[in-house]
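For this one, chain W is given, so just place chains A and P on it according to the hints.
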Amino acid sequence: MTSASVAAIAIIAALGSAFTMSAAGAAEKSIDIGIVTARSGPLAAPGKFQLNGFQLAVDTINKAGGVKIGSDTYQLALKVYDTHCNAAEGASAMQRLVGVDHVPVVLGEVCSPTAAAEAPVASDYSVPLILTVPTAPDLTRQGNPFLFRVNADTDQLNKALAAYVVERHWSPLSFIAWNNDAGRGGVNGMKALLPKDIAIGYVGYFDVGAVDFSSDVTNIRKSEARAVMLLMDEEPGALAIRQIRDAGLDTQLVGTLAMGSDRFLKRLDAKYLDGMVQYSAFPPSAPLQRIQEFGQAYRAHFGEEAHGFAAQSYDGLLLAVNAMQAAGTATDGAAIQKALSGLSFDGVIGHVQFDGNNQASPPVYITQWCKGGTRKIDFPADLKSGCGAG
Amino acid sequence: MTALLEQIVNGAMMGAIYVLVALGMVLIFGVMEILNFAHGVLFMAGGYLCDVFVLHLTGSYPLAVILTMVTLAIIGVALERGVFRRLRVNVPMQIVASLGLILMAENGAVLLFGPSALQLTVPSVHSLVRVGELSFTVQHFIIIGAAVASIAALQLFLRRTRLGAALRATSQNPEAARVIGIDSDRVYRLTFAVASALAGLGGALLGPLFLISPQMGDLPLLKGLTAIVLGGMGSIPGAIVGGFAIGIIEAVSTLFITTDYRDMVVFAVLIAILLVRPWGLFGIRVRGDA
Amino acid sequence: MRVRAGTARLAIGALFAAALYLVPVAFAGSPYVLFTLTLTLCYAIPAMGLNLLLGYTGLVSLGHMGFAGVGAYVTALLMKHGLASFVPSILAGTLAAGLVGVLTGVPCLRLRSHYFIIVTLAVGMMLFLLFNNLDWLTGGAAGLPGVPRPRPLDLGFAVVDPRRPAGFYLLAATAFLLVFVIQYALVHSDFGRSLAAIRQDETLAASRGVDVFAHKLTIFAVSAAIAGLGGGVQVLFLRAAAPQSFGFLEDVNVVLIVIVGGSGSLFGPCLGALLFVALPEALRVADAFRMVLFGAALVALALFAPRGLWGLAATVARKLRADRSVVARAGHS
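Residue numbers (the working numbering), protein chains in the order written: chain W, 1 to 390; chain A, 391 to 680; chain P, 681 to 1013.
Don't take every hint at face value.
Quick look at which bits of chain P chain W covers, simulated, 3 or more residues with Cβ under 8 Å [as the list claims (entries may be wrong)]:
hint : segment
1    : 753-764
2    : 815-824
Ranges of calculated distance between the beta carbons of each label pair, as one might list FRET restraints [what the hints assert, rightly or not]:
hint : chain 1 : residue 1 : chain 2 : residue 2 : range
3    : P       : 832       : W       : 296       : 38 to 46 Å
4    : P       : 787       : A       : 568       : 31 to 39 Å
5    : P       : 695       : A       : 569       : 50 to 58 Å
6    : A       : 666       : P       : 876       : 25 to 33 Å
7    : W       : 290       : P       : 701       : 51 to 59 Å
8    : A       : 518       : W       : 159       : 55 to 63 Å
9    : A       : 518       : W       : 275       : 14 to 22 Å
10   : P       : 886       : A       : 392       : 52 to 60 Å
11   : W       : 141       : P       : 832       : 25 to 33 Å
12   : W       : 200       : P       : 844       : 40 to 48 Å
13   : P       : 828       : W       : 62        : 41 to 49 Å
14   : A       : 478       : P       : 708       : 24 to 32 Å
15   : W       : 141       : A       : 522       : 33 to 41 Å
16   : W       : 159       : A       : 519       : 37 to 45 Å
None of these hints come from the bench; they were simulated from the model. C-beta: ideal position from N, C-alpha, C; glycine also.
Only chain W is shown next, with the shape it has when bound in the complex (with noise of 0.2 Å):
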């Protein structure tokens, strides 16, 4: 017996079991729903918040009876991969998930160039895959019909940003961002929309997992900068703003996302925050009853507060139901594709109609905090709040 004859049979065993085992279709009726997101690695946070979501809406579905579409009802079951945010992965995960698994629609992702693999893969198969959360404009323009985006994109994040920056003339204008796609992207975002009289100051990238800023609010103080935008996630954002008031710095901070939420205020003191401004698309305590139902909801199933991209992804999910009621398939990818490109869709994040690039426009609202920890909105000017009401 050769060598490669031996490693030959074990491999042939190994990988003839794996394989063969597909997902078993289940006595009653269900769909298998296909969610690609980072489950391991450095954005495995944001990725429970949004794989939160869909499972707040597939819960909330059934017990509700399920879902009915044409003459059946039929629950509903997420099939998850994790892609933690590896391009060869999240094109393996799609491929399992459509070729394999035979969803008829994949939800997810966080990470913008993993989503850029998984695109063709849903256009080879034409299976429609909807993103709930990655934020790199490029994405929705590559031509693609079977990828959707319900979250806004940098872009869109930045442009109200951009305009109350240029109203209050805060320049110079210092960063503070994550090396990577998120971090990059909205500084690039953010200097292409700022006009020259909004004078860029200090750039300071960080490598994701790095947690000392001192090197960057010394050369935000030399630069005198008038605010600091602070393009991360909500750990090392605590951290920086942190770092910065305790040098002394009252520098305005700018923040993004989740950094105006409770859940932030509790890595924090009120007083770290006051005054910060921050966009979101999602403020938690704003007095809109589709967002309040969804806090409370989120809140009695998962026990904290409720966060932006479980709020995008519980919508992204609904709105794939809703496409496969209105197509009557609950198989058909290429008729749900149609259903969803002229589907008009009130969720908790708002209004969602995809565009010709199948982009959506969610409301993006501005968020500023007061003292004593509660926070008002300050944009759209038709929804301005006092204390307490973001």
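Here is chains A and P on its own, set in the frame of chain W:
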């Protein structure tokens, strides 16, 4: 000018942490010629264990730190006996085993504690100290103190005790050491115990200052590796100089180049130094070197 | 005797190649399996390149996917912007990677083993930073989407369309076989024997007249070029380039593929690639514990299969052969 001075101080503060990590790594490499890539997860384990000890066991942070060091020492010995002893001559398999341990530890931490970072509040992190325009916490100074104390303790141990002499002898020539009656197994266990305790100390001190997360050891590992190569593998003064140098270079470089190339500066300096001195700053030149 | 061994090897090789090319037919109904096997080939190519360096010359390079990234981005940019067709693009990628290999090798190869490991790690990270930071060129951290597949190739008797899974698999398989043959030829040449001598005892090899540095630099450049080829094939397969595909985690991954598969053997990297691509896919069913199990498996392998999986298979095969011959000699039939 003041900006430069400030950045040097900033860099030295971070450098102290790198030194703590590098000390443990250089010890293991010096005595056993093993590149322990799992050192980063030992650091991380120190952070989590300290958190658990403070919150669920002692309530006292100093006590928890000591307990953490002891526990990590025990873990280190277990690792040495269970994994690294058999791999002493097999460098590729050292890498495989270390990476396997990293996978188990980091993902195990996610399973046990969740992916979100933990925050441990201790009083020394909330008391601020001003140095000119800069502000540091008491914890920063504790870390510097711990680094200095570790260096001093290590030097004392290596030069004034019999066990320390045994360690040095084994690092210089394992066969000869065995010939004169030094129990090399005991030496290896001790090395791993001390190095792991140092890693645990680093994690326990750094955790409350910043965050405790499954990936918290990744960057310190990389900096530690760079530090010991820069300083000369196997040289303790080298590890110290290397650690501080990297911290300072990182901070100072932000004054001159765009910050997304900060790491590149450190690596470029490393390569430049190795071009001139292929055995590192304080490394030992071996026959066959350029 | 020697003639028969030679033809036997050729026959096995032809059989192996035939099996490789018949995969799309065998798995015509399982696109997922075809996908996974194509991805395996994409990973096997840089692994074979690294194997020449690590397994045959004894140089552990922890930044090897950086070279794959150079090849990938050059190929991707040329193809995406329509500046060149498939063959020139991938050739350019391969050559660019080889060039970067030469530039890297000159300072790094003078260093002793452990220093070499860390410095190659540093080089890999520097290359990653370039892929990540040069937004205007590489698309930066957001990656480069929309990389086109090569156009269909008319072979006369058939048309191979790389835009379809089977067609691309055949392209990848061809690249794989090309690299395999190169690997084989190098290993069995005088050059390869000199490399083995360098691995075993550099000083002795030098004293026997081997120009150690020239050999090391050459093999470093060749292995970098091969990695570049692999990177180019991978980026065309995934139709997107991402910096993380060529970062630290991937550097580590390819080293694991080579060592676990069995460094210093021709089939080791292929086995390793199969394991590291196919096994995590198969383990998707144990999702939450997947990586912990995988880590435990690696530790177990390091302890109990110190020559990698190929070495393990060889040991098992030898034992089976030995048992049989013992039985035969004892007179039982």
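query: Can you name, in rising order, the numbers of the hints this structure does not satisfy?
result: Hints 1, 3, 8, 14, 15 not satisfied by this model.
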